[in-house]
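If you read the sequences in order, they're chains C and F. Following numbering that gives the first Met the number 0, the numbering of the first sequence begins with 0 at its first residue and continues without gaps. Following numbering that gives the first Met the number 0, the numbering of the second sequence begins with 0 at its first residue and continues without gaps.
No lab work stands behind these hints, which were simulated from the structure alone. One thing to keep in mind: the hints can contain errors.
Because identical chains cannot be distinguished in the list, a pair is counted as satisfied if it fits within a single copy or across any two copies.
The calculated SDA-like cross-link candidates involving lysine to any residue, where the alpha carbons are at most 20 angstroms apart (straight line), are [claimed, not checked]: (1) Lys123 to Glu180; (2) Lys138 to Pro80; (3) Lys10 to Ile63; (4) Lys183 to Leu159; (5) Lys123 to Arg62; (6) Lys10 to Ile132; (7) Lys76 to Glu53; (8) Lys152 to Ala179; (9) Lys138 to Gly195; (10) Lys76 to Phe95.
Here the structure is a predicted model, which is why all the values come from computation and not from measurement.
Protein chains: 2
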Amino acid sequence: MKDSAQHRDVKGAILDATDRLLAGNGYKKMTIDDLAAAVGIGKGSVYLHFKSKEEIVLSHIDRIIERLKARLDDIAKKKTPCDRRLREMLVERVVFRFDSVQHYTQSLNDVLSQIRPQFLERRKRHFDEEARIFASIIKEGVDRGEFIAINAKETAGAFLIATNSLLPYSLSTQDLGERAEIEKRTLKVAELLLKGLISRKG
Amino acid sequence: MKDSAQHRDVKGAILDATDRLLAGNGYKKMTIDDLAAAVGIGKGSVYLHFKSKEEIVLSHIDRIIERLKARLDDIAKKKTPCDRRLREMLVERVVFRFDSVQHYTQSLNDVLSQIRPQFLERRKRHFDEEARIFASIIKEGVDRGEFIAINAKETAGAFLIATNSLLPYSLSTQDLGERAEIEKRTLKVAELLLKGLISRKG
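Based on the sequences and whatever the hints tell you, model everything.
So, in C-alpha cells, the structure goes:
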C-alpha cells in the first residue's frame with residue numbers, strides 16, 4: 000500500500016513539475032532531465048512512470064479533465080433547477096480549462112501543435128465522459144417536466160459542440176487573456192441553448 | 000483593363016495551383032518553384048503577386064471565405080422564414096468549408112499548424128464578416144415578429160461560436176471523412192439554437 004501511494008505521489012509530482020515547466024519554457028524546450036531535476040528524482044525514475052515526454056503532457060491534460068469532471072459532478076448533484084445546473088456546468092467546462100492553462104500564455108500553441116493528433120484522440124474520450132454528466136441532468140429535466148421531451152444524449156453532445164470552440168485549444172493566446180469575455184460568450188451560448196429546452200408548460 | 004484582368008487571372012491560377020499542391024504534398028513540401036511550374040510562369044512572377052508562401056496560403060483561405068460569403072448572401076436573400084434561412088446558413092458555413100478542404104486529408108493539420116497565429120488573426124476577421132450576414136437575418140426575424148426580441152449582433156456571434164467547433168480547423172482528418180455526421184451535428188446545434196428564438200406568439 001505504501002508503495003502504491005508513493006507511486007501516485009511521484010507521478011503527481013512529475014505532473015506538477017510539467018505544469019510549471021510548460022508555463023515557463025514550453026513543450027519543445029522541456030526535457031526529461033529538467034523534469035527529473037524539478038522533482039528531485041533520477042531520469043530513470045521518470046521513465047518508471049511515463050514512456051515519453053508526450054505521454055507526460057497527455058497525462059497532465061488527463062488530470063485537468065479528471066478534476067473538471069469532479070467539479071461537474073458536484074454541480075450536477077445540486078438541488079437547483081436543471082437549466083440552472085446546466086448553465087453552471089457549461090460555464091465551468093470552459094472556465095475551468097481556461098484557468099488550468101492560462102499561465103501558459105506564449106506556449107500553449109506550441110504544446111498543442113506538437114501533439115495535436117494524439118491530443119485530438121484523447122479529447123474525444125474526454126468529451127464522451129463529459130457528455131454523460133450533461134446527459135444525466137438533461138434527462139432529469141425532461142423527467143421532471145422542466146424541459147420539453149428531447150433526446151438527452153444527442154442534446155448533451157450538441158451542448159458540448161456548441162461550447163467547444165471556447166475551449167483553450169481553439170483560442171489564440173490573445174483571447175486567452177480575456178477571461179471575462181470568454182465567460183460572457185459562454186453564458187450567451189448557454190442562454191440560447193437553454194431557452195429552447197424550457198418546457199412551455201412551466 | 001486587360002492588364003488588371005490578366006493580373007487577376009494569374010493570381011487566381013496561383014491560388015488554384017496552391018489548392019492542388021496542398022492536396023498532394025502539403026504545406027511544408029510546397030515550394031514557390033513548384034507553384035510557378037504548375038502555373039507555367041516564372042518564380043519572379045509569383046513574387047509579383049505574393050510576398051511569401053505563407054501569404055499565398057492565407058490568400059487561398061481568404062478566397063474560400065469570399066466564396067462562402069457569396070453563398071450565405073444568396074441564402075439570406077431567399078423569401079423563406081428567417082429560422083429556415085438561418086438553419087441553412089449554419090449548415091452552409093460548416094459544410095462549404097468542409098468541402099473546400101476535404102481533399103487535403105493528410106495535410107490539413109500540417110498546413111494550419113505552420114501558420115496558426117496568422118491564421119487565427121485572419122479567422123477573426125472572417126467571423127466578423129460572417130456575423131454581419133447572420134445578424135441581418137436575425138434582425139429581420141425580430142422585426143417581422145418571427146423571433147422573440149433579442150440582440151441580433153450578440154446572437155449572431157453566439158451562433159458562430161456554437162458552430163465554430165465543427166469547422167475543419169478543429170477536426171481531425173478522421174472526422175473530416177464523415178461529412179454526413181458533421182452535417183447532422185450542425186443541424187442538431189442549429190435546431191437547439193433556433194428553438195429558443197421562435198416567437199411563442201407564432
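Results of checking the hints against the structure:
no.	hint	verdict
1	Lys123 to Glu180	between (26 angstroms within a copy, 15 angstroms between copies)
2	Lys138 to Pro80	within (13 angstroms within a copy, 31 angstroms between copies)
3	Lys10 to Ile63	within (14 angstroms within a copy, 47 angstroms between copies)
4	Lys183 to Leu159	both (17 angstroms within a copy, 15 angstroms between copies)
5	Lys123 to Arg62	within (15 angstroms within a copy, 31 angstroms between copies)
6	Lys10 to Ile132	neither (27 angstroms within a copy, 51 angstroms between copies)
7	Lys76 to Glu53	neither (35 angstroms within a copy, 50 angstroms between copies)
8	Lys152 to Ala179	between (30 angstroms within a copy, 19 angstroms between copies)
9	Lys138 to Gly195	both (15 angstroms within a copy, 19 angstroms between copies)
10	Lys76 to Phe95	within (18 angstroms within a copy, 41 angstroms between copies)
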